[in-house]
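**Q** Using the hints, put the two standalone chains together into the complex.
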Amino acid sequence: MFWPLLALALLLLFDYLFTPGFFRLELRGGNLYGSRIDVLNQGARVMLVSLGMTLVIATGGVDLSVGTVMALAGTVAARLLVVDGYGFIAAVSGALGIALLAGAWNGVLVAYFNIQPIIATLILMVAGRGVAQLVSDGQIINFNDASMVFLGNGHFFRLPFTLTIVLFVFVGMWALTRQTAVGLFIEAVGDNPVASRYAGVNARLVTFLAYLLTGLCSGLAGLVASSNIKSADANHIGLYLELDAILAVVVGGTALTGGRFYLVNSLVGALLIQTLTTTMYARNISADIAPMPKALVIIAVCLLQSEKARRYLNQRFTRHQSAALPAITPSRAQP
Amino acid sequence: MKKLDPKYIPLFATAIVMLALYAGGCLAYPNFGSLRVFINLLGDNAFIGVAAMGATFVIISGGIDLSVGSAIAFTSILIAQLLGHHWPPAGAFALTLLIGLAYGTVQGALIHLFALPAFLVTLGGMFFLRGLSFVLSPESLAIKHPFYLQTVRTMAIPITQRPFVTFPLTAQCFVVVTIIAAIIAGYTRFGRNIYAIGSSESSAILMGVPVGQTKIGIYALAGFFSALSGCVATFYMQSGNPASFVGLELDAIASVAIGGTLLTGGVGFVPGTAMGVIILGLIQTLITFQGNLNSWWTRIAAGVLLLLFITLQKVVGSKRH
Numbered sequence: 568m569f570w571p572l573l574a575l576a577l578l579l580l581f582d583y584l585f586t587p588g589f590f591r592l593e594l595r596g597g598n599l600y601g602s603r604i605d606v607l608n609q610g611a612r613v614m615l616v617s618l619g620m621t622l623v624i625a626t627g628g629v630d631l632s633v634g635t636v637m638a639l640a641g642t643v644a645a646r647l648l649v650v651d652g653y654g655f656i657a658a659v660s661g662a663l664g665i666a667l668l669a670g671a672w673n674g675v676l677v678a679y680f681n682i683q684p685i686i687a688t689l690i691l692m693v694a695g696r697g698v699a700q701l702v703s704d705g706q707i708i709n710f711n712d713a714s715m716v717f718l719g720n721g722h723f724f725r726l727p728f729t730l731t732i733v734l735f736v737f738v739g740m741w742a743l744t745r746q747t748a749v750g751l752f753i754e755a756v757g758d759n760p761v762a763s764r765y766a767g768v769n770a771r772l773v774t775f776l777a778y779l780l781t782g783l784c785s786g787l788a789g790l791v792a793s794s795n796i797k798s799a800d801a802n803h804i805g806l807y808l809e810l811d812a813i814l815a816v817v818v819g820g821t822a823l824t825g826g827r828f829y830l831v832n833s834l835v836g837a838l839l840i841q842t843l844t845t846t847m848y849a850r851n852i853s854a855d856i857a858p859m860p861k862a863l864v865i866i867a868v869c870l871l872q873s874e875k876a877r878r879y880l881n882q883r884f885t886r887h888q889s890a891a892l893p894a895i896t897p898s899r900a901q902p
Numbered sequence: 006m007k008k009l010d011p012k013y014i015p016l017f018a019t020a021i022v023m024l025a026l027y028a029g030g031c032l033a034y035p036n037f038g039s040l041r042v043f044i045n046l047l048g049d050n051a052f053i054g055v056a057a058m059g060a061t062f063v064i065i066s067g068g069i070d071l072s073v074g075s076a077i078a079f080t081s082i083l084i085a086q087l088l089g090h091h092w093p094p095a096g097a098f099a100l101t102l103l104i105g106l107a108y109g110t111v112q113g114a115l116i117h118l119f120a121l122p123a124f125l126v127t128l129g130g131m132f133f134l135r136g137l138s139f140v141l142s143p144e145s146l147a148i149k150h151p152f153y154l155q156t157v158r159t160m161a162i163p164i165t166q167r168p169f170v171t172f173p174l175t176a177q178c179f180v181v182v183t184i185i186a187a188i189i190a191g192y193t194r195f196g197r198n199i200y201a202i203g204s205s206e207s208s209a210i211l212m213g214v215p216v217g218q219t220k221i222g223i224y225a226l227a228g229f230f231s232a233l234s235g236c237v238a239t240f241y242m243q244s245g246n247p248a249s250f251v252g253l254e255l256d257a258i259a260s261v262a263i264g265g266t267l268l269t270g271g272v273g274f275v276p277g278t279a280m281g282v283i284i285l286g287l288i289q290t291l292i293t294f295q296g297n298l299n300s301w302w303t304r305i306a307a308g309v310l311l312l313l314f315i316t317l318q319k320v321v322g323s324k325r326h
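Taken in sequence, the protein lines are chains A and D.
The first sequence lines up with residues 568 to 902 when you count with this note's numbering.
The second sequence lines up with residues 6 to 326 when you count with this note's numbering.
Do not rely on the hints blindly, as some may be mistaken.
Only part of the chain A face toward chain D is listed, based on derived beta-carbon distances under 10 angstroms [said to hold, decoys possible]:
(1) ASN681
(2) LEU772
(3) ILE866
(4) PHE884
I should point out that these hints are in silico values taken from the structure, not numbers from a laboratory.
C-beta atoms are modelled at their ideal positions from N, C-alpha and C, and glycine is treated no differently.
So that you can see chain D by itself, here it is in the shape it has in the complex (with noise of 0.2 angstroms):
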């Protein structure tokens, strides 16, 4: 038998915790192993799931963006804002997603060309997308348009009668986006590159990469995935909220390193990142399920669990060399 690649490790300790949360659920409580608490798990989690494909890229790179939570946020409440103002739905959609791209492109631009850090460029986008946000509408807007009344729902597929479960338009864009994500870092120039730049930024300069439009490109793409994923956050909350989704960027980040994507760069896994985020999702499933569990532990349990696979990584890492 081939012996185990160390760098697949990480991967096969995420595939086991997630089993394991799964097989545990199962066992405490008699529902948890039901079809629908399954679906529910990937439909609530949509989101998360998204915006994570971003932060997979942007960390696989070397980088970091902490402007994700702002981000769903100010996408949410600006789709609030333009149906709100009899706008089509496709129309609101095309226009976040331009925007997303455009504050994405941004901050690549300033970090690359500028050699500003990562975590400061994007500090700032999280505090400047906030305070956008707010000012778009102080409070939480109700989205009433028929498309979110009625055909987010009847596009929903039908899986089994009987229970009468559906596969909800959410999850169907969590599935769509990790396929394309996979398929942009396994299979693709620009995918490659990331790699590149993530495991060594001088040598792929010295190889020829295009280090400057990749870089800014990584970021471009995060901003669509964060604006992408304020789109989906949307079907699943019928609503806009400047308030909301506070911290997110550990969830993304958290989803991520518990897929066995190293935090410093050069390896990474888009079919991790979609495991991390179940494990937390169903991380968050156990405590409803618990019930009197506040639901505070939820984020406490996301950096206990980031804290645990850094560290898991580094014992690895260390035996390689």
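Chain A extracted, bound-state conformation (with noise of 0.2 angstroms):
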């Protein structure tokens, strides 16, 4: 928890010294805006997909579909408003829909036919940009559903909408996790699956159930950036999103491997990758660069996180200080 957030207050105080106009905020029509209220609402679909992705990441998997995903409910919804003529609700169900059938299919794949997470996830990932191509018939669907452009754009007690969507899921996410048993089990799975289940967990339900979760994050993801922008683009909605979300996850300490997961310090880290793009674009990086500094930052965290790293780290520093002490620490023999 405390890495992350310094992190955070270093690229905050970075931004409040030389990125003009960063920390403006303005009321208008009651509402707040600027940069900082830009991370919230940009950042809530990070921190949408990243709840997900920490489950599936702490099951000891991976979910590179995540954007694809986003583009399918995005797609979906919008094809249903607009070109079948339905109404806001039957958007919304026919959307999640869509993502849960997404997220159970990458939950079979991986938990009942063994098929490791990246290439069942991957399979997702590049086909179904495919799909989403078919269901919008290649076009860009522009919408303007009054209640269906609110959830990215509309306010809720002076902040955006999107916030309470996230304070929503998180919350079920939380009572699902803690105040259950399918926490535990998740993260028994991630540490061992084959102890957990001589212990009596059903591996193969809990690692379905994180992926089909995923699959609901990322489809309410995707609703609120179609939305955001009020059409819905097949090639671009999530596009590089995986990378933000696992980002998030690393940053926020819940290890590659499986185990332990920590979802407040996920969306911590959603923050932090969030106003990493912001300051981006707010210095004229653009969107296409942005990645590849982001690339950099992922492969430094889990660097820094890796054992053998830390290893070689160690040994300089502790064989700094024995050549600098030599009468004071006695020279102990290594394991």
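**A** Written out as structure tokens, the structure reads:
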């Protein structure tokens, strides 16, 4: 919890000093606007996806298809609204239905067919965008439905409505994993699937559930993302978002090898990533180039967390110390 | 008759699927069986073939490389920029291949020395190279160098005069790289070591296989093949484009898996990968011949085929034990 918050504070300090206008807050029509509010609003989708991703990574897997599931949900909602003329409720249910289906598909492949998570979700990551293209017939669908637009642009208590969605999902997720045994089961499966099975945990079901929930979270994020720009573009919704989500979870201290997970830390991680993204945009770095520095950050964070890298650093540190103080520190036999 | 080793079953399935697709195409469309269509099939998919050879080694060793598509896009735009700045083609190719080798080595070193998961490092590589391509040029660049406008065409080997059919440079690269990859996999110590690591890394260490060198070597080789694939792609596209080849890693991985290589490592065949590439190419050609199908079906078909072959491998694998 400490490190991601420190990084966030440092990044905000940098923005305070060097990015003009980043800390300006305005009250327009009774609602707050400004770069920091943008971070919260745009960050909502990263937060939503990383909540789901935290569970998947905790089981020792990974979901590369989150961005594609966002695109699927966004295009299905827009198609139902505009092309097929359904109402808001039907569109949202259809979108979340397809997102749950996508999550279930991943879950079945990983948990019941024993396909490696990377391969299983890669199939959906690439092929799913093809399906989204078929749904939208290769077109960008624009919509104007008031309720749908409210999802990504509305305000609630002067703050973006998206934050309310994040809050609801977070509370739901927290209640499910920390108030019931589900969280413990997920950590058990991630730590050692065989041992957890012998202990009576239904490892397959738990893994399946993690992918299912991630599908749902990605679906919500997709609705928010398409609502935000009032259109659904199968090619661009959620593009590169899998990187942001994995980065947020890893920065939040949940190890890629599975085991213990931290939902709140992932949220802080997501805010950190979004602040980084917004800072880059504010400094005129294009959205296409932005993944490059992020890729470096994720590798660096993983290096810091890797035991081997820590051991190298420790060895260096202790060697320096013992060289400086040979008489005081008696040399100990290395195990 | 000797009983068939179960490890060859996926390979036979691949060959049957390939022949069935080809025969089906010939029956459905009158011109499908012509020599020209087949040669185009090889030439148009050559760059996928070259990249898939690198992916074959990585997957046999039990790893994965997700950076293939971005690496090809990066290479293509780098070559376009270098030629635009009046570099000689040979120099541009040499520099690109060196960069490919270097970036592959870095990926391999991160994976081996720091025990980071291969998917994470190569996912990082995928986004890094994609971003870097856009730094080189935010837009697609046409290549107008005389080497591309003339030499590439004159290097095609004529096969028949009437109708005039030639074997293009891209297809030549595909064939040569396949042969080289097959020699590396089957007849060198490095190749044997890859299989050993893929079967069981801890056993390989105990046997005295230089695991570290080999693993870094595998990713270096994959980086080199990706860069080479980018060069071949520019012959075919006559341009460089930073936004192109998104999702190509799935095509490469699918070709490898369809070709009978186990995604869990240890078992794999270079000629199988070549057949996998041809199968994906056949599907694409069939979709083109069909005419009114969306080109997005190609990607969906690749995903479905990959899934089918993984399932086949599971079934065959579970019978063996």
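**Q** All hints, please: hold or fail.
**A** Status of the hints after comparison with the structure:
no.	hint	result
1	ASN681	7 angstroms, holds
2	LEU772	20 angstroms, violated
3	ILE866	5 angstroms, holds
4	PHE884	17 angstroms, violated
Violated hints, in rising order: 2 and 4; the structure is consistent with all others.
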